[in-house]
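Based on the provided sequences and hints, a complete structural model is requested.
Residue numbers (this note's numbering), protein chains in the order written: chain G, 1025 to 1327; chain U, 56 to 260.
Calculated directly from the structure, the hints in this document are not laboratory data. There may be inaccurate statements among the hints.
What the hints assert, rightly or not - With beta-carbon atoms standing in for the labels, derived distance ranges: (1) G209(U) / M1025(G): 27 to 35 Å; (2) I92(U) / V1105(G): 48 to 56 Å; (3) P1088(G) / Y259(U): 27 to 35 Å; (4) P1088(G) / G209(U): 51 to 59 Å; (5) P229(U) / K1177(G): 28 to 36 Å; (6) K1177(G) / I194(U): 29 to 37 Å; (7) S1099(G) / P89(U): 53 to 61 Å; (8) S137(U) / W1077(G): 35 to 43 Å; (9) Q1139(G) / Y259(U): 18 to 26 Å; (10) Y259(U) / L1058(G): 25 to 33 Å; (11) V138(U) / K1223(G): 56 to 64 Å.
Bear in mind the structure is a predicted one, so any value in this text is a computation, not a measurement. Ideal Cβ placement from N, Cα and C applies to all residues, glycine included.
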Amino acid sequence: MINNFSAIELFVVLKDGKKEQHYNIPTTKDVKILLVRSLETTRKKLRIDDGDWETYEFAEEYAPKERLRLNTNSSELTSLVKIQDLNNINTDSSALDSPENITYYYVKFTKKNNQALFTFKRAQTFKPVLEKNGNFLSPQNGMLDIFTQNVFKLADDFDFIANDQYAYILHPVGFKNILKLNQYILEKAKEKTLALQKKLPFIDFEHLSHTVENNIGSANVIASLSAYSEIENLAKSKILAKAKEARIKINIVSEKLRPEKGSEVDFLKILNFQIYTVQLTEDGEVLVFEALRKKQKKSMNKP
Amino acid sequence: MFVFCNLLIGVPMYTKKESLGFVRIMMAISGFSPLFILWAIKGLPSSFLLIYQDINKIWIGLCLFMIFLPNFILWKRYKSCSVNDDTKTVTVNSYKESSENILAYLFATLFPLFQSQLSSMNDFIALVVAFLVLVFIFIHLNLYYLNIVFAFKGYNTFTIVPGNSDENQHFTKPIILLSKRHSIKIGSELISYRLSDTVYMEKYD
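Below, the structure written as structure tokens:
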């Protein structure tokens, strides 16, 4: 099983103030076999060889286990690319002496053709289990004694797998936490919001940027909008109509649409197809819904 | 004894964390194998025979033990790396050849020690202390990779150092790479056995 790879390397990442320190941890053959098993389990759960992938969206709320994919060229994944490009990381097994500081661990599987596959997992399951689960006993020198060594538990799957093209995501929360996507998205939110001004000149994104830079919810929506390739096709009249249906007041300032104060996030969600209206009753009441996920059905109108 | 040696070589059993300190000491002593060979051949001066007639046999036996044990430990370490696939990808961003250290090793250590005259027990004790100090210095300066055994096997020594402008490096200690190559292409990624945390031997399938 491990012979399919020319190298299997385990790394842990420790918090060091605001910085993160990476350490290479030597492992035995048996641990490597476990790591390969975890990889195979993750691949199986992801059905990685099947097609029909759903793209990870930053503004969506996902279940604990999903089957998602994101291109590593995405600007939000620069931290992932940086990790993949790290080399000659210090080997130091004493990094495990401070398990409370381990934030996540990852494994680099180098195939025989020198292609590298990275797998990541948050450290919750890697922490020592000894204190939480009571005393472990083990036979030592013919007597049963308390086992005092640190015991680390490897999870049976990884949060996500990444190669040079894609990140395949099984546990979206782990994916977001490990790569600190919220922090990155918040840092870039204002810049991305202003960049949308060119694509939708009739919306006052400069005003919206003040809300976005301090609100992770709206920053995620902006990240999702920025990735939408057909955003320029959104029509002003349609947006106005939908906002009216959803009872979001829009002001026109310098010929640009500006949502009323307090409605900025909802307005952005309309653009991102996350707020929609439904009218199915005779009395004409329009119901407003917010979607945590937006999975588009195949259009009935398109040929 | 075998279990103890296994623990220290790096074959994990019920043990505390591994530091490979014992392996590094053995690697350093293994590097002095030519000295022990020369000492065994030279033998002790005749004045020592007055202390004990068979002291030369003990001396030769001791020299042979000091050749066999460290090299056996080094071989066990290599086998442990091979069995456990204890490897690391060494990325060569910048390196310098360390062959000149071999000359320092020969002229500054082996020859002076070999040429020491043992005319009394005090000389012998001084020689032992000098040898131990050298072993300590070799370990402290991470020179324990200077080993004639590696040279016999055709390995050259390269010191991998941080490049000037590479932001992707995350290591603070130079890495010693033993490789049969005569030069290494910058940017190469070489899968290497971990003899210690700073000394690696390129893996050849």
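Here's how the hints hold up against the structure:
no.	hint	result
1	G209(U) / M1025(G): 27 to 35 Å	32 Å, holds
2	I92(U) / V1105(G): 48 to 56 Å	53 Å, holds
3	P1088(G) / Y259(U): 27 to 35 Å	45 Å, violated
4	P1088(G) / G209(U): 51 to 59 Å	54 Å, holds
5	P229(U) / K1177(G): 28 to 36 Å	35 Å, holds
6	K1177(G) / I194(U): 29 to 37 Å	36 Å, holds
7	S1099(G) / P89(U): 53 to 61 Å	59 Å, holds
8	S137(U) / W1077(G): 35 to 43 Å	40 Å, holds
9	Q1139(G) / Y259(U): 18 to 26 Å	20 Å, holds
10	Y259(U) / L1058(G): 25 to 33 Å	27 Å, holds
11	V138(U) / K1223(G): 56 to 64 Å	58 Å, holds
Hint compliance for this structure: hint 3 alone is broken.
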